[in-house]
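For the record, the sequence lines run as chains A and B.
Take 1 as the starting number for the first sequence in the numbering used here and just add one per residue.
Take 1 as the starting number for the second sequence in the numbering used here and just add one per residue.
Calculated from the structure, these hints are not laboratory results.
Among these hints, one or two may not hold up.
Some chain A residues judged to face chain B by a derived CB distance under 7 Å, without partners named [said to hold, decoys possible]:
1) T11
2) V33
3) E34
Pairs of lysine to aspartate or glutamate residues, derived as EDC-like cross-links and limited to a Cα-Cα distance of at most 20 Å, are as follows [unchecked claim]:
4) A:K5 to A:D20
5) A:K5 to B:D30
6) A:K5 to B:E18
Yeah, the Cβ is synthetic: ideal placement off N, Cα and C, and Gly gets one too.
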Amino acid sequence: MAALKDILYRTAANIGVDADALQSYADALSSIVEEAHRRGEDVELMTFGTLRPEGSEPRFTPHASLLPPRDGDEA
Amino acid sequence: MTRRELIERMADRLQVPEHSAQVFLHAFFDVSKSMLRSGETVALGALGTWTPEHDPDGVFRSVIYAPSHAASPVPVGEDIVSGPASSIDSRHFIPAEALAIAHPSGRSPVDVADIVIEVQRGFAEEALTEETPVEEAPTDAAPEEESVEDEYPGEEEYIVEAVPGDTDAGDMLTDEGDFLEEDFDEVEAEGMEAESMEAESMEGHGIEDDEVEDDAVFHRNRDQLYHPPEERSNRALLFVALGLTLVVLIIILSLLFGSDEKASFGDRRHEPNSATIPSAGTWNETAEPESSRYELTANTVKLTIQRSI
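Same shape as in the complex, but just chain A (with noise of 0.2 Å):
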């Protein structure tokens, strides 16, 4: 299982930052995103899926470059 500690350390090595610097965006990231939850709005997590509140709970649309293509799918 891949933790928000190890995301966090791949993204800042993929940026060239320190990890502990981005610690305050992910809570930031975290914030915004429950405050959106309670507001019923959906979120777009940006190319990685959008979060939408259905009843107590979101429910994760994946973005479609998440998934692999599926055949007939359009080239």
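Given chain A's structure and the hints, the job is docking chain B onto it.
The following block gives chain B in isolation, referenced to the frame of chain A:
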């Protein structure tokens, strides 16, 4: 909330440029995607947990999402230490603050004594904070942090006994307070510089604008990702090079054996006096030497052929 609004809100909340927030979000979710594709479950704290689903052939097909407050879809035993970060931290954990203070630049050699001092100071601060109960955050990272703290070695294990006569250890322990105060000032100044450098480096990394990502580009990139084009063969280029080499060889051979004019140069080299320009009145006198010149030319060609063979 679109991705543009997410970037704006994040930049507004952190008081950073929008470009920095955009770089972080793109990189963060790109890493998450690559981890999912590699088959790892991704737990993003309060955002939730994503678990990849694979076909019987092992092909990644879909994702199961579990919100942060719901039970994790992957059963994890209490004794199981999962994930690289949790397993490493629980066994060899050194607080990041201690490393940052004792090793601020990241390039100079690390003094272990400095780290020990910082760890001792961290334990002293933790002993003060343990008196006030702290609420547990309902995230996935909370159990890992508890297990990490449980495996901390006791403070007594880090106490260095000063050997009589060993003045360095004694000075280090007695002057610890002064040493820490001086060190804090240096670290604060260096930390400010490091933060400004990090902000500059984040701004330097450019990424494409979101508007460029239309459907056609997306499908093309996705197909290239999963079906990379085959590399071109260099065989045709090799044949062309061989053909050109043959042509050059033929030209050289034809220059050596196919022309009499080259032999006449050798003739002139052997008999430089015969190169006088005949005048209009003396052309009959030069007719006879020309026949001998042709014989010399033939001899030179034969000699050249023999040498080349």
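Cross-check of the supplied hints:
Taking 7 Å as the C-beta cut-off, the interface hint given for T11 (chain A) holds, the closest approach to chain B being about 5 Å. Evaluation of the V33 (chain A) hint against chain B yields a held restraint, the C-beta minimum of about 6 Å falling below 7 Å. A hinted interface residue such as E34 (chain A) counts as satisfied when its beta carbon comes closer than 7 Å to some beta carbon of chain B; here the least separation is about 6 Å, so the hint holds. Straight-line distance between C-alpha atoms of K5 (chain A) and D20 (chain A) comes to about 10 Å, which keeps the hinted pair within the 20 Å bound.
Proposed proximity of K5 (chain A) and D30 (chain B) is supported: the alpha carbons are some 15 Å apart, at most 20 Å. Of the supplied pair hints, the one linking K5 (chain A) and E18 (chain B) is violated, its CA atoms being roughly 23 Å apart against a limit of 20 Å.
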